[in-house]
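Student: One letter stands for each residue in the lines below.
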Amino acid sequence: MPVIEVKNLKKYYRVHQKEPGLAGSIKSLFHRKYYDAKAVDGVSFSIDEGELIGFIGPNGAGKTTTLKVLSGLLYPTSGHVSVLGYIPWDRKPAFQKQFSLVMGQKNQLWWDLPAMESFILNKEIYEVPQAQYNKTLDELVDLLEVKDYLKVQVRKLSLGQRMKMELIAALIHSPKILFLDEPTIGLDVVMQKKMRDFIKEYNRRFNSTIILTSHYMDDVKELCERVIIIDKGKLLFDGALSEIIKKFANHKLLTVVFSEPVDEKKLADIGVVKKFDYPQCVISVRRNATSLAAAELLQHFPVADLNIEEPQIEDIIREVFTGKDLA
Amino acid sequence: MRKYLTVFAIDWQNQFIYRLNFVLWRFRNILRVLMTYFLWSTIFSVQTSVFGYTREQIMAYLLLVIFLYGFVGSSPSNDNIGGEVSSGALNNFLTKPIGYLRYWFTRDLSSKLLNVIFAVGEIFLLWLIFRPPLVFSSQPAVILIGILMLVSAVIIFYLLGKLALASVFWAPENTWGFMFVVLVLMEMLTGLIFPLDILPRSAFTALQFTPFPYLLYFPLAAFIGRLSPLEAVRLLFQSLVWLGILFYLVKRVWSAGYKVYSASGG
Amino acid sequence: MKVLKVTWLYFVNSLQQNISGPVVFSLFFTSKLLRYGLFLTFLYFLGSGIKLIGGYTREQLIFFYLVFNYIDTLVQMFFREVYRFRSLVVSGGFDMVLLKPFPPLVRCLLGGPDFIDAGVLIVLTAVIAYYLAFFIHPSPSSLFLFFLMLLNTLIVAAAFHILVIALGIITLSVDHLIMVYRDLTSLVRIPVDLFSEPLRSLITFVIPVGLMFTFPAKTLLGLLSWQMIIFSLIFGVVFLFFSLKFWHFSLRYYSSASS
Numbered sequence: 073m074p075v076i077e078v079k080n081l082k083k084y085y086r087v088h089q090k091e092p093g094l095a096g097s098i099k100s101l102f103h104r105k106y107y108d109a110k111a112v113d114g115v116s117f118s119i120d121e122g123e124l125i126g127f128i129g130p131n132g133a134g135k136t137t138t139l140k141v142l143s144g145l146l147y148p149t150s151g152h153v154s155v156l157g158y159i160p161w162d163r164k165p166a167f168q169k170q171f172s173l174v175m176g177q178k179n180q181l182w183w184d185l186p187a188m189e190s191f192i193l194n195k196e197i198y199e200v201p202q203a204q205y206n207k208t209l210d211e212l213v214d215l216l217e218v219k220d221y222l223k224v225q226v227r228k229l230s231l232g233q234r235m236k237m238e239l240i241a242a243l244i245h246s247p248k249i250l251f252l253d254e255p256t257i258g259l260d261v262v263m264q265k266k267m268r269d270f271i272k273e274y275n276r277r278f279n280s281t282i283i284l285t286s287h288y289m290d291d292v293k294e295l296c297e298r299v300i301i302i303d304k305g306k307l308l309f310d311g312a313l314s315e316i317i318k319k320f321a322n323h324k325l326l327t328v329v330f331s332e333p334v335d336e337k338k339l340a341d342i343g344v345v346k347k348f349d350y351p352q353c354v355i356s357v358r359r360n361a362t363s364l365a366a367a368e369l370l371q372h373f374p375v376a377d378l379n380i381e382e383p384q385i386e387d388i389i390r391e392v393f394t395g396k397d398l399a
Numbered sequence: 009m010r011k012y013l014t015v016f017a018i019d020w021q022n023q024f025i026y027r028l029n030f031v032l033w034r035f036r037n038i039l040r041v042l043m044t045y046f047l048w049s050t051i052f053s054v055q056t057s058v059f060g061y062t063r064e065q066i067m068a069y070l071l072l073v074i075f076l077y078g079f080v081g082s083s084p085s086n087d088n089i090g091g092e093v094s095s096g097a098l099n100n101f102l103t104k105p106i107g108y109l110r111y112w113f114t115r116d117l118s119s120k121l122l123n124v125i126f127a128v129g130e131i132f133l134l135w136l137i138f139r140p141p142l143v144f145s146s147q148p149a150v151i152l153i154g155i156l157m158l159v160s161a162v163i164i165f166y167l168l169g170k171l172a173l174a175s176v177f178w179a180p181e182n183t184w185g186f187m188f189v190v191l192v193l194m195e196m197l198t199g200l201i202f203p204l205d206i207l208p209r210s211a212f213t214a215l216q217f218t219p220f221p222y223l224l225y226f227p228l229a230a231f232i233g234r235l236s237p238l239e240a241v242r243l244l245f246q247s248l249v250w251l252g253i254l255f256y257l258v259k260r261v262w263s264a265g266y267k268v269y270s271a272s273g274g
Numbered sequence: 091m092k093v094l095k096v097t098w099l100y101f102v103n104s105l106q107q108n109i110s111g112p113v114v115f116s117l118f119f120t121s122k123l124l125r126y127g128l129f130l131t132f133l134y135f136l137g138s139g140i141k142l143i144g145g146y147t148r149e150q151l152i153f154f155y156l157v158f159n160y161i162d163t164l165v166q167m168f169f170r171e172v173y174r175f176r177s178l179v180v181s182g183g184f185d186m187v188l189l190k191p192f193p194p195l196v197r198c199l200l201g202g203p204d205f206i207d208a209g210v211l212i213v214l215t216a217v218i219a220y221y222l223a224f225f226i227h228p229s230p231s232s233l234f235l236f237f238l239m240l241l242n243t244l245i246v247a248a249a250f251h252i253l254v255i256a257l258g259i260i261t262l263s264v265d266h267l268i269m270v271y272r273d274l275t276s277l278v279r280i281p282v283d284l285f286s287e288p289l290r291s292l293i294t295f296v297i298p299v300g301l302m303f304t305f306p307a308k309t310l311l312g313l314l315s316w317q318m319i320i321f322s323l324i325f326g327v328v329f330l331f332f333s334l335k336f337w338h339f340s341l342r343y344y345s346s347a348s349s
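Protein sequences, first through last, are from chains A, B and C.
The opening position of the first sequence corresponds to residue 73 in the numbering used here, with each subsequent residue numbered one higher.
The opening position of the second sequence corresponds to residue 9 in the numbering used here, with each subsequent residue numbered one higher.
The opening position of the third sequence corresponds to residue 91 in the numbering used here, with each subsequent residue numbered one higher.
For the record, the hints were derived by calculation from the structure and aren't laboratory data.
Hints may contain errors.
Covered stretches of chain B (in silico footprint by chain C; criterion: 3 or more residues with CB under 8 Å from a CB of chain C, positions within the stretch not fixed) [claimed, not checked]:
1) 35-48
2) 173-184
3) 202-211
With a straight-line cut-off of 30 Å between C-alpha atoms, the simulated DSS-like cross-links for lysine-lysine are [as the list claims (entries may be wrong)]:
4) A:Lys178 to C:Lys92
5) A:Lys207 to C:Lys335
6) C:Lys335 to A:Lys82
7) A:Lys223 to C:Lys335
8) A:Lys248 to A:Lys306
9) A:Lys248 to C:Lys95
One-sided and incomplete, this derived list gives chain B residues near chain C with beta-carbon spacing under 8 Å [as the list claims (entries may be wrong)]:
10) Asn29
11) Ile51
12) Gln55
13) Val58
14) Phe59
15) Leu156
16) Val159
17) Ile163
18) Phe188
19) Met196
In this text, a Cβ means the ideal position worked out from N, Cα and C, and glycines have one as well.
Chain A extracted, bound-state conformation:
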């Protein structure tokens, strides 16, 4: 039984255009041209309880719009959406008590007060019983190691500490579903790592369903078994992370170490030279031509070492988005 079901979701916006320059400004004062921007254009997927899903795509792909529809902030233009059996945009309190949306750079904490005050407020808003509140708070404070900062004014906390407090505020009602929109944005590498550990642990310990969007492939690679890729409002891929390579990577990488200098131009006959830094060279070749290329290299060049590798997921995804075929 899936907890989230999305069928053929569409969300279009009306956007107005302005021509550049002063004349355009004056013109748009009286008459505005509109067109439909298709933020989400026929997306379907379903998610089971306890899954941790990575939701990726370039800027403006429709990730945030989809999350906003799922959390009931937006009415879709068309399509069917059900989350925990509710229609999100009815915004029923019973539904709202069961999920949480965390957006990287939006904050809900009271700036001039210690974070504790915001937690108490959320406790009342979500009607969390006192005993459960104490237990959840203790657990979260422990997991995120913020015991010493609970009584410090939020404005005096570092960005990392503040983000942790935001998380606690968002999780104090033990949501079954968690939408994380760029949770690691702006954090330093160490904090990013800690945040990832926390998300993983939270998912494991509470069996909560988590959907995560992120710019950082590291987030997705480390956390998610399943990824959903969208671009220009359309679903490109939905499946295991390892499947991406099979589906999209039509090339492999040959890393060669030469024993003597070689003519770079001749290497172009073998495949696309991606990096040449004597004695090392990386060549991208078509997947089905890999063994042929390797044989050729060994035969015609002074090769000291040869390695055949799958390309990096980041690279594949970048290629998918830019529509370039580099092999």
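Here the structure of chain A is known, so what remains is to put chains B and C in place on it, guided by the hints.
Tutor: Same frame as chain A, now just chains B and C:
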């Protein structure tokens, strides 16, 4: 100089994007004046002169106040309340060859131009509706001095705002408070609501030792012919003295502020 | 029950927030008192030059101004959060409000009362009480009617502020909207009777600032007919009803248009 012209041009375009905002802001300026207009016309319905003002002078005063307030008071640089400093966006200015205070003064000027264009239209409209009898100074020299006082007023108000804004370097949470003080004083002590010389002589004299009456009241008084040429010259001089004092203060305070800012690393 | 409890928490947090900045508190507090004081001085001197202004004595004029400020401050104190609404919407914080199982309208109207105004209110109450005792001498029944009209004013004010934030949702670029309301109200720092028609009816009944700010003072002075009292009560309820309708419409609009 060229770069500030470009800033001016871009800001000018930017203002059209928030068109509704602008229209409402102008609407507010008219509302401000309407209350005093009706108060005064009620007063003049039973008598012909109050505190030495004729009906014609008061009406000219009220219409011109719309114009002058749009010109002196429209200052988007004050709305930001130091947000650029506390958010670190000031870095953008410190690393580029463009002066922060000049940049904002340019943007203020662009806003003032737009406001003046609209103010002229409004005044004409109001004049058509109410047809108030108006009177202006008959001496061109006094009008000319009034214009100079107006230019000085624009700069004085800009400097006053920036002086309040400088508090953001030391106490960002209090900046809005200081700004509010300036705006309240602007509303009450500059002659926006009533001509200042209806106050008792002593209070009126004391006010001359603050920068506020130079912002609206004295230029206005020159335009509607309440000042003799000699008085006008004296007041222009006093206005310039204030300009000088404030210029010096702003320079000192901001350079101290920049030091604090770079010491804390933004 | 829960709504009351959470609103109470919002009040307490706001109070704590206000107290955490004593300098800003005192800056606003003194400049507000200064503003009132200066306008009072203006009215005082105006009154000293002229005996009757539009049929009102100087004392009555000053009383109108005091009651105006009392109501104005009361409304501002409770609905201060409305002034932060635009930044809430623009920054996306409004999304967070909508996601919570708590009525967003209550949160956006009453979520951040201003206790600086509460301080001003105490001063104003003292001044008005003094003024009433020495100059006006109201009867108990007109005192009762005063509070009735004051309550009605709060209802109309709530409706007005709901209208403002609903409009704020639909036209995101408006940050002057609440200030337009403020400027409209500042028209009636003087009694509406001083305005000539049709403006007078316009600001009394259509843009009901006259009804909000001068009716309570008029009841105390015994200048308001019972027909007008009944009318304004009905007006308050109807206005509130329609602004609530409009609020729900604007929420629907937000959910289908924002990004």
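Student: State for each hint whether it applies.
Tutor: Do the hints match the structure? See the list:
| no. | hint | in the structure |
| --- | --- | --- |
| 1 | 35-48 | holds (count 8) |
| 2 | 173-184 | holds (count 4) |
| 3 | 202-211 | holds (count 4) |
| 4 | A:Lys178 to C:Lys92 | 26 Å, holds |
| 5 | A:Lys207 to C:Lys335 | 41 Å, violated |
| 6 | C:Lys335 to A:Lys82 | 28 Å, holds |
| 7 | A:Lys223 to C:Lys335 | 42 Å, violated |
| 8 | A:Lys248 to A:Lys306 | 27 Å, holds |
| 9 | A:Lys248 to C:Lys95 | 25 Å, holds |
| 10 | Asn29 | 6 Å, holds |
| 11 | Ile51 | 6 Å, holds |
| 12 | Gln55 | 7 Å, holds |
| 13 | Val58 | 6 Å, holds |
| 14 | Phe59 | 6 Å, holds |
| 15 | Leu156 | 28 Å, violated |
| 16 | Val159 | 27 Å, violated |
| 17 | Ile163 | 24 Å, violated |
| 18 | Phe188 | 6 Å, holds |
| 19 | Met196 | 4 Å, holds |
Checked against the numbered hints given earlier, this structure breaks hints 5, 7, 15, 16 and 17; the rest are met.
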